[in-house]
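Colleague: Take the two lone chains and join them into the complex the hints point to.
Chain residues, written in single-letter form:
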Amino acid sequence: MAGLETEGRSHDMGLHNEQLSGRKMQTFFSPDDSENVVYPWAYDVDFNKRTEIDMADLTPTEVNIKIRELMAEGYGSIVIKNPGSRHSIGVGILNKLNITYEGSLGYFGCGLIDGPNVRINGRVGWSCAENMMAGTVVVEKNAGSTFGAAIRGGDLVCKGSVGSRTGIDQKGGSIIVGGDTGALTGFMMQRGRMVFCGNAGKNLGDSMYDGTIFVGGEIQSLGVDAVHGELNDVDRAWLTRKLKLYDMLPEKGVDHFTKIVAGRQLWNYDNLEPHEKKIVL
Amino acid sequence: MCGIAGVIHRGKTSDIGSEMTSMLTALKHRGPDSTGFAVYGKPADNNNEFVMRFKVAEQEDLNKGSNILSTIAERRAAVNGRMAEHNAKILTEVDATEYAYRYAFSFDGDDAALEKMTRYIEELEGAEILSLGRGLELVKDLGDANVVSDQYGLKGFQGTHALGHTRMATESDVDIRSAHPYWAYPYNDISVVHNGQITNYWIMRRQMEFKGHRFLSNCDSELLAVYTADKLNDGYTLEDSLRQSIEEIDGVFTYVVATKDCLGMAKDTMAAKPMVLFESDDLVVLASEEGAIRAMIPHEIDTYDPYDEEVRVWQA
Chain A
281 MAGLETEGRS HDMGLHNEQL SGRKMQTFFS PDDSENVVYP WAYDVDFNKR
331 TEIDMADLTP TEVNIKIREL MAEGYGSIVI KNPGSRHSIG VGILNKLNIT
381 YEGSLGYFGC GLIDGPNVRI NGRVGWSCAE NMMAGTVVVE KNAGSTFGAA
431 IRGGDLVCKG SVGSRTGIDQ KGGSIIVGGD TGALTGFMMQ RGRMVFCGNA
481 GKNLGDSMYD GTIFVGGEIQ SLGVDAVHGE LNDVDRAWLT RKLKLYDMLP
531 EKGVDHFTKI VAGRQLWNYD NLEPHEKKIV L
Chain B
12 MCGIAGVIHR GKTSDIGSEM TSMLTALKHR GPDSTGFAVY GKPADNNNEF
62 VMRFKVAEQE DLNKGSNILS TIAERRAAVN GRMAEHNAKI LTEVDATEYA
112 YRYAFSFDGD DAALEKMTRY IEELEGAEIL SLGRGLELVK DLGDANVVSD
162 QYGLKGFQGT HALGHTRMAT ESDVDIRSAH PYWAYPYNDI SVVHNGQITN
212 YWIMRRQMEF KGHRFLSNCD SELLAVYTAD KLNDGYTLED SLRQSIEEID
262 GVFTYVVATK DCLGMAKDTM AAKPMVLFES DDLVVLASEE GAIRAMIPHE
312 IDTYDPYDEE VRVWQA
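Each protein sequence line maps, in turn, to chains A and B.
If you count the first sequence from 1, position 156 lands on 436 in the numbering used here, and the numbers rise without skipping.
If you count the second sequence from 1, position 246 lands on 257 in the numbering used here, and the numbers rise without skipping.
Chain B on its own, in the form it takes in the complex (with noise of 0.2 Å):
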């Protein structure tokens, strides 16, 4: 089933952590397993600065025995390793939780440079980088929304946009890895939560790896954010990326996709998945129930369900 969510405040900040906290709590019932958060705040006033969100464990290795945190800590040690190995300048180090991190660093080559080294770091045992951007910074893990948002201390973080989703795993395992949100290269800043099935999954993945793009997980979100991404590196505007999307994927979807700066949906042919939204001049919000939106404003407000092969885009 799953439950996704999404807020766009426009021309402002606001605590966006506890806005999305508040919605995906509303949207438990819809998917208990784990829920996952893509915030965006405000970018680096360098560009060769970066945020990235990591980790080198899974949650239930921490019950693999009395070894484990001394092997979370080669591992990352050995990351830091990798990134001094690429001239990566770490300048804030955050531990999320025992074993996931948040590091802000600089990086002064090109963005193939910095796949490059992003993809070194993932080849350890148990490392998967879980967002690398200037605005996103993407947190998820097991448990609901408010666990894994006190956990990763998001309530307070302030940005301009953010998406959510509570999960209900399906089609692949109850893990991390198989968490929403998705991000991907080369566009380093996308992010995107689902809820649906995609039935041509493996041709378009087979395509898409084709082009040299990366999976992480089995899950057939993830090709999503992989599609969107390519699309958006070929010079695709948001917008006609998820226009395309409904053309060149099948099955059931509404997917809400965000940039560093935008925020855009799209739902398909027969808009078998729910979408509920509230648009006002400075402020978005979206999410796959009403109560969502509720959580957020409780004060009654004007509401709609996007029809089938609906796409809106909204700037920040």
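With the rest of the complex left out, here is chain A (with noise of 0.2 Å):
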């Protein structure tokens, strides 16, 4: 029962109103349930166990190697020191832990990601978050392009502007942008949702098989297989709690918002073989 209810509010909130046959790969996760998804060889951290890493004299490798030796040490909220726009910084975080950046970030920041809580006092480079599977990150200035390339879960957070093709090839998750978006935004997107309280660029949501894209501003283009859906209760219930939760909320509200979905013209799941939905999605 409690099963049903979960999922039962899933399709409320707009997770899965997907118009699809014969799909038996869908796995139904709960936001109640996430806590206890851990992998087994997490380390087990104490969030009130407080330490810092100066990186000015550290490379990217050793940062992320100390950081793995706090965790097993049982420091749950690190902080960073002087990231200085490094390469490839807080990758493969596969744990729970509040850890922050006192700076910015380069490409490829907090990529491969599952479960952390990141917040990042400055800017990130290419591909942020990339294929981050749970947790939230949250920039605090600009971002640059594939901002969250190929995420699969988690709350991805950028409270400025983000570059060009954001959320391409995103799984799942949320992307969540205060500021406009470039081009090609969404590109090959299959599922989640994405936020922009801005403008986004031209071919928005160019081939997504699915998924949600809200633009709170001006869209340059739509891309091919883009259409615009209806703004229902459930989404402007999901867009004010979640831009509420980042403090991101237009003080006009979302009605505002436009709401895009893919025209099910170009790839027609029916008509797949169940080896080839398993390929392509």
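You can trust all of the hints, since none of them are fake.
Far from chain B, some chain A residues (derived; all Cβ distances over 12 Å):
#1 A352
#2 M413
#3 S487
#4 D513
#5 L529
#6 D535
#7 T538
Across the chosen pairs, the derived CB separations fall in these ranges:
#8 R330(A) <-> N157(B): 36 to 42 Å
#9 H40(B) <-> D326(A): 33 to 39 Å
#10 P530(A) <-> E258(B): 33 to 39 Å
#11 R330(A) <-> S29(B): 38 to 44 Å
#12 K166(B) <-> R330(A): 38 to 44 Å
#13 H40(B) <-> R399(A): 24 to 30 Å
#14 D184(B) <-> A352(A): 48 to 54 Å
#15 R330(A) <-> T181(B): 44 to 50 Å
It is worth saying that the hints were derived from the structure and are not from the lab.
Note that CB positions come from ideal geometry on N, CA and C, so glycine has one too.
Modeller: Structure follows, in structure tokens:
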């Protein structure tokens, strides 16, 4: 019964509104249960145990190793100082952890993470949080291109504007942006949601299989097979909740947001064989 | 991959030689094959005074036998002779390296006569004019930013703006001729650095050659310098030229172009090549990676990625 309620709630939230048939591979995750989903080898950390790393004289590899060592010692809150816009920092963290970067990250920051809550008090370069699976990443300033490429879960937030190809190949989770986004945002998006409080560039949602994109400003143009959807009460409730959560709710609310979904003319799941569905999804 | 960078000070000069060296050092991992600088100093008061950077051999030629130094000396003497034939008066000569030089000279002819003289010089075996202008000085060589900067004494160079490039050779050789930045006739004070690949290079090159423009390399990036020089010569503004290039040039590219008093940038329709930009009232810095900007401005700043088809121009 509890399972049905969870499934019903996720449908109400708009997480599973696909008009697909024959899909047997779906797994329904409940946000309530996410606390219990941990890797067996995950470190047992204490969020009240806090420490700092000064990156000024360390390489990204040294810092990534140091983060693991600190988690093994039980530290649950880590502050990284002087990241200096260097690349590949804080990648592959498959653990619950509060981690704060006092400064900007370069390319591929926070990629392949599953679980940590990340705050970046600066900017990020290309491909921030690529392939993120769970957790939250909040960027206080702008972000580069391919922000949140292929993410599968969690909340990826940018308070400023992001570059081109945001959320390309997104497979789940939420990407929330306070400002504008560039061309080809949501290209080949498969699942999840994106929210842009500002404007979107050319070819928004090009070749998207599924998922939902909300845009608060102007859309320069839609991509192939991206179409307008009707903003419903569930959408409004979700947008309001998410934007309020990250202190990004516009004063005028969310009624002005445009909803973009897949037209489903380009990719017809129902014509695919089961093994083909597995490949494309 | 390549790394590109640009800096422009508005309303003042600065040690742009050291600034660009720092930025290109931070971009070394994007291109270890060669490094190039285009620095813009204060133009001479007299309109007939020019600065010419040129070389008469490649770096690797120094390993080609004991006679190479005398060969280089002969080539340099031949350059001096050809300048004298065209009534160019050499004011100062600086030996930047054993095979590359900086000449300041006066020349009373028009632009066409100047071009004719320099083409005559480049007919000499091994001779290549790296730059010729009133403000532009272009230096490029094999090695990383510090090596090239120290070799040519760029640290301490006072000027308003500069471009830089670290090259990872892909479609052409590892030599000085294929290194960036590029410049072109007939708009002498132009320089270009580029990250990307131009897919209609040969078509565009043939069009430019048909109009009489010269190409010294087979590197697609040189096309952007020739193209921009051609547009400016036809009366285009720098901004219009950059916008037009996005329409006419195919491929993926982000490039930065400088003239004697401006810096501009353009990104292709796919925004496939990176660029990060910092802008304040008196300073603009842009580079392939934010790390390069941080190398020049260590304190926390706001930066952003220009979007697809974005064109920007700044005045010194």
